[in-house]
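There are 2 protein chains.
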Amino acid sequence: MDALTPATTEAGADRTKSLSRRYGAALPPHGPWNETIAGLLDHRSVRDFLPDPVPPGTLETLIAAAQSAASSSNMQLWSAVTVDDPATRRELARIAGDQKHIEQCPLYICWVADLSRNERLGAAEKTELEALPWLETFTVACVDAALAAQNAVVAAESLGLRTVYIGAMRNDPVRVAELLGLPPRAFVVFGLCVGTGNPATRNEVKPRLAQSTVLHRERYAATAESRDRAAYDSEMAAFSARNDMQATTWSQRVLNRMGPLKSMMGRERIRGALARLGFELR
Amino acid sequence: MDALTPATTEAGADRTKSLSRRYGAALPPHGPWNETIAGLLDHRSVRDFLPDPVPPGTLETLIAAAQSAASSSNMQLWSAVTVDDPATRRELARIAGDQKHIEQCPLYICWVADLSRNERLGAAEKTELEALPWLETFTVACVDAALAAQNAVVAAESLGLRTVYIGAMRNDPVRVAELLGLPPRAFVVFGLCVGTGNPATRNEVKPRLAQSTVLHRERYAATAESRDRAAYDSEMAAFSARNDMQATTWSQRVLNRMGPLKSMMGRERIRGALARLGFELR
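Chains as they are written, first to last, in numbering that gives the first Met the number 0: chain A, 0 to 281; chain B, 0 to 281.
With the rest of the complex left out, here is chain A (with noise of 0.2 Å):
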C-alpha cells in the first residue's frame, strides 16, 4: 500500500486512523504502508502486565531481532542480561522509585553498554585498545544498545508483547551493575519490561509533536514551532485527561521534567558514577 491509495478503501482508513492516533489533527502527508509500519505506530509504552510468562523461546528470538540491528563498526558493544530473581528485581524497581512493573513484567531485560568484552578481547591479545577511554565509544555504546533494544522492543511487539522502557536504571549505574555483576566498562543503559499489557488497563496511543516541528529539510528551521506546540498542548491536555494522568499541557511537563534538578532523580551524578564504573570519557 502506497502514498496512491485512497483514504476512502479500508487499508486507506486504517492508515489515517494510525497517524490520527499519533498526531491528532496534524496529519502528514500520507505516504507507502503495510502492516509492520501499522505495528511500529501502534506502539504504546505499557506498565501493567498479566502474570503470563512469555512463550518458550521469545528471549532468544528478541535478542536474535536485537542482534540483527546495525552496530558501528561491528564491533557489538552490547550485552544484555536478564533478571528473574524477584529479591534482585525488588532491588530494581527501588532504584527506579518504585516501578511495580519491573517486579510484575514475566521478562526483564537490561541493556547494558558493554566495552568490557573488547577490552577482554585485547587483553588476550596482547594490544592495548586506545579507543576505550573516550567519550565517543561510550557514545557509541549507548547507541549500539539502544539500535538493538528497539529491534526487540519491535519484534516484541510484532508477537502482540508490550514494553517499556526504564531509564531510571541510570539512577543509581553503579548498585544496578552490582546487582548484575558486571564488570569494569560495563554500564545498564536502561532495563525493558516485557509481557502480556493488562487488558483492563486504558492505554492509548500517545501523541507525538508535529512532523513540522521535528522534521527538517536542508536546514534547521524552527519556524513551525510555536503553532505546532500550542496545537500539541490541547492533544495532549485532552489526552491526559482522557488516559487518568494529571491533566497538564505538554510544555507544562516539559518544564517540570527538565526545569527543577531535583527532576533528575540523581541522574545529574551519572558522571561520577561512569567514572567509579571504569568509563574514563576523555
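Honestly, the hints are just simulated from the structure, not real lab data.
Do not rely on the hints blindly, as some may be mistaken.
Just so you know, same-sequence chains aren't split out, so a pair can sit in one copy or run between any two.
[To be verified] Within a straight-line C-alpha distance of at most 35 Å, the following computed DSBU-like cross-link-like pairs (lysine-lysine) qualify:
#1 Lys125 x Lys205
#2 Lys261 x Lys16
#3 Lys205 x Lys16
#4 Lys261 x Lys125
#5 Lys99 x Lys16
#6 Lys99 x Lys261
#7 Lys261 x Lys205
Start from chain A and add chain B according to the hints.
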C-alpha cells in the same frame, strides 16, 4: 508461528535459514516467529544504491515510525534533517571519509540529539531548564534519536528499501552542524542513507557473536566468550572472503578498529566539539 512449529515445515525451515545466516553454526533455540521478525533478521547495511527516488510520502512514513518509538518522559529530544542539495551531500561525504553512498542515495537523513527545542520552550515560558547541561540529558537525547532512527530503518526495510547508518558524521560535528544550520545544543549523532539497494552488489546478512556471549542470565558471565570468539572468527573470515572484504577474523577487526587511536578518525575530539556546540556534559 512459535517455538513448537517443527523445523521440518516450510515456515520452520525459513526460521532456521534466517537464524543460520545470522549465527552460522551457533544457532540459538527456536522461538516464536513471524514476517516482521523475519524482516528484522534479514537486515544488512547497504552502501550501493540505485538512483531511483523513494516513493512519494516515504520520508513522512519513516518519520511517523520514528516518532512512534518510545521517548524518555516524552521529552522527544531529537530532530531529523534531510539533505538533498548535492554540494552539501558532497561535503558531508567528504567529512565521512569520502563515503560515496552519502552522495548516491536518494534520501539522506541526519538524526539530531536536540536539546535546543525544549530550551526554546523554557525560554518562551521564562523557565530555566536545569536538566539541560548534564551528561545524562545528552545521553538521553542520543538514545531517543537512536530508538527513533531504528524504527525508521525497520519501516524502510519493510518497504523493500535498504539503509546504512553513517557514524562518521561525528568526524566533524561542528562542521556538520554548520552545514545543517543547527542551533546551539543540537548535534548530529549519525546520518542514514535510504534507497533501493543495487542488486548487482553482493550483500549478505552479516553473522554476529553467539547469543551465549551476548546474553546473560541473572549475572554477567563471560564463560562462553573465548570458545564463542574462536568460532565467530572462523565465521567472519569465511564471510569476508565470500564478500570481497579483507579476509581477517573479527578479533583482528576489533584490534584494528579499537587498538590505535588514529582509527578513531578524529572522533576522540568529540568532547571539545560538543563543548563548542553548547553541550556542557557536566
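Here is what the structure says about each hint:
Taking identical chains as interchangeable, the C-alpha atoms of Lys125 and Lys205 lie at most 35 Å apart only when they sit on different chains, with a minimum of 27 Å there against 51 Å within one chain. In this assembly of identical chains, the alpha carbons of Lys261 and Lys16 never lie at most 35 Å apart, being 39 Å within a copy and 51 Å across copies at closest. Taking CA atoms no more than 35 Å apart as the test, Lys205 paired with Lys16 passes inside one copy only; the shortest distance there is 13 Å, against 37 Å between copies. For a Cα distance limit of 35 Å, the shortest separation of Lys261 from Lys125 across copies, 19 Å, qualifies, whereas the shortest one inside one copy, 45 Å, does not.
When the C-alpha separation of Lys99 and Lys16 is checked against a cutoff of 35 Å, the pair qualifies only within one copy, where the shortest distance is 32 Å, while the shortest distance between copies is 39 Å. In this homomeric assembly, Lys99 and Lys261 come within 35 Å of each other (Cα to Cα) only inside a single copy, at 22 Å, whereas the closest approach across copies is 47 Å. In this homomeric assembly, Lys261 and Lys205 come within 35 Å of each other (Cα to Cα) only inside a single copy, at 26 Å, whereas the closest approach across copies is 45 Å.
In the structure shown, a violation is registered for the earlier hint numbered 2 alone.
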